[in-house]
Amino acid sequence: MKAKIHVTLKQGILDPQGKAIEHALETLGFKNAANVRVGKYLELDLDEQDRAKAEVEVKSMCEKLLANTIIEDYRFELT
Amino acid sequence: MNIGVVVFPGSNCDHDCRYVFRDVLGQDVTMVWHKERSVSGLDAIVLPGGFSYGDYLRTGAIARFSPVMEAVREYAEEGGLVLGICNGFQILLEAGLLPGAMLRNDSLHFICRDVYVKVENAATPFTGACESGQVLQIPIAHADGHYYADPVTVASLKANAQIVFRYCMPDGRVTKEANPNGSLDNIAGICNAAGNVLGMMPHPERCAESILSNDDGRIILASMVEGLKKRRRAEEWGEISEVQGNKAVIPSRAEDGLKIRGGRGKV
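If you read the sequences in order, they're chains B and H. Position in the first sequence (first residue = 1) + 26 = our numbering. Position in the second sequence (first residue = 1) + 753 = our numbering.
If you're looking for bench data, these hints aren't it; they were derived computationally from the structure. A hint or two may mislead.
Said to hold, decoys possible - Here are some, though not all, of the chain H residues that point toward chain B, as calculated from beta-carbon distances under 7 Å:
(1) Arg811
(2) Ala854
(3) Arg857
(4) Asp859
(5) Leu861
(6) Tyr901
To be verified - Covered stretches of chain B, going by a simulated chain H footprint (3 or more residues, C-beta under 8 Å):
(7) 36-50
(8) 88-95
Unchecked claim - Straight line, CA to CA, 30 Å or less: simulated DSS-like cross-link-like pairs of lysine-lysine:
(9) B:Lys66 - B:Lys90
(10) H:Lys788 - H:Lys982
(11) B:Lys45 - H:Lys929
(12) B:Lys36 - H:Lys911
(13) B:Lys36 - B:Lys90
(14) B:Lys66 - B:Lys79
(15) B:Lys90 - H:Lys788
(16) B:Lys36 - B:Lys57
(17) B:Lys66 - H:Lys788
(18) H:Lys911 - B:Lys90
(19) B:Lys79 - B:Lys90
(20) B:Lys85 - H:Lys788
(21) B:Lys36 - H:Lys929
(22) B:Lys66 - B:Lys45
Note that this is a predicted model, so its numbers are computed, not measured. All C-beta atoms in this analysis are idealised placements derived from N, C-alpha and C, irrespective of residue type, glycine included.
I would like the entire structure built from these sequences, with the hints used as guidance.
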């Protein structure tokens, strides 16, 4: 099973990288782009056939290491 | 005193710390490789600055799982002095030994320059030789020094006087202009509730000798050493008046004006 994990800064936490990219997009003429947020994307193979167990395991990985839940949210999909 | 300096893969201020404690302050220093599982026999532990594990994932995120960190956690829980400088502070945050988290500097720049910090709490084992409100000039060198914590955590930091250093102007005014990285409430350094674990972004080990034209950092590191010596004297003389759990409360001595909080029961 493959886990695809997205880690992003929580809403309300300043994302200076996102702001810089937003300004760059604006300079390029993409005037409609707003609220750019930068995050991380991770994917990993999981040796687990049971989807429920895989969910528990990936959630635990996110809580313990992949995201710092003080400042970041995470979401993932299993395929 | 025997000061332990932890060396992670990517630490780069470990030798500076060793130099100041050993050659400037005349103490024994033990370099502790991150794979060690014991820190026994040490009088204090320093987590130095650098880029442990290349700052992969988040600053300090991987280093906190180094084998030595479990021993550092136990050492801190027993009341041992732990100082985290820059990347060391980031590791203490990731390890949960201090509350909050670090974000990228709001300017997105790596900032390497002198800043001024105001001593907000002169009653910690790290600031015993400082005056309350004293302004110190100390360099910073980081890209991720924007301290963040949720409002409840910040309120408890304030209520317990855990904010030890705040970025300020040379005259001590804490202003937005004095804040180099966007840090919440200009926070430059915090301690835990017991007062025995301190994390700070500025580098005191980089300004601890007058030949460098600035020795303000020496005050912080010397405070640690003097506090430890005093605690040892007090223990030898049986002067510990009260022991509450892990927290040894030692009567303060008027002659040197040092105050100690959260000392170790045994050294």
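Note to self: With the threshold set at 30 Å, check whether the alpha-carbon distance from Lys90 of chain B to Lys788 of chain H stays at or below it.
What the structure shows: OK: Lys90 of chain B and Lys788 of chain H at ~20 Å, within 30 Å.
Margin query: Run the distance test for Lys36 of chain B versus Lys929 of chain H: straight-line Cα separation, threshold 30 Å.
Written below: Satisfied, since the Cα-Cα distance of roughly 23 Å is no more than 30 Å.
Check: Are Lys788 of chain H and Lys982 of chain H close enough, with their CA atoms no more than 30 Å apart?
Finding: Distance of about 29 Å is within 30 Å: holds.
Note to self: Three residues or more, CB to CB closer than 8 Å: is that satisfied between the region 36-50 of chain B and chain H?
What the structure shows: Held - the region 36-50 of chain B has 5 residues with a Cβ nearer than 8 Å to chain H, which meets the minimum of three.
Margin query: The hint names Ala854 of chain H as touching chain B; please verify it with the least Cβ-Cβ distance against 7 Å.
Written below: Constraint on Ala854 of chain H satisfied, holds at 4 Å.
Check: Against chain B, is Arg811 of chain H within 7 Å by beta-carbon distance?
Finding: Where the cut-off is 7 Å and the nearest Cβ of chain B is about 6 Å from Arg811 of chain H, the hint holds.
Next item on the list: Quickly compare the C-alpha distance for Lys66 of chain B and Lys79 of chain B to 30 Å and report which way the hint goes.
Entry: holds (24 Å)
Margin query: Take the shortest C-beta to C-beta distance between Asp859 of chain H and chain B; is it under 7 Å?
Written below: holds (5 Å)
Next item on the list: Take a quick look at whether Lys36 of chain B and Lys90 of chain B sit within 30 Å of each other, Cα to Cα.
Entry: Holds: Lys36 of chain B and Lys90 of chain B sit about 17 Å apart, inside 30 Å.
Notebook entry, point to check: Taking only the CA atoms, is the gap from Lys66 of chain B to Lys90 of chain B under or equal to 30 Å?
Noted result: holds (16 Å)
Item checked: Satisfaction of hint between Lys788 of chain H and Lys66 of chain B, Cα-Cα up to 30 Å -> holds (29 Å)
Next item on the list: Let me know if the C-beta of Arg857 of chain H comes in closer than 7 Å to any C-beta of chain B, holds or violated.
Entry: Since chain B brings a Cβ to about 6 Å from Arg857 of chain H, closer than 7 Å, the hint holds.
Against the hints set out earlier in the document, no violation occurs for any number.
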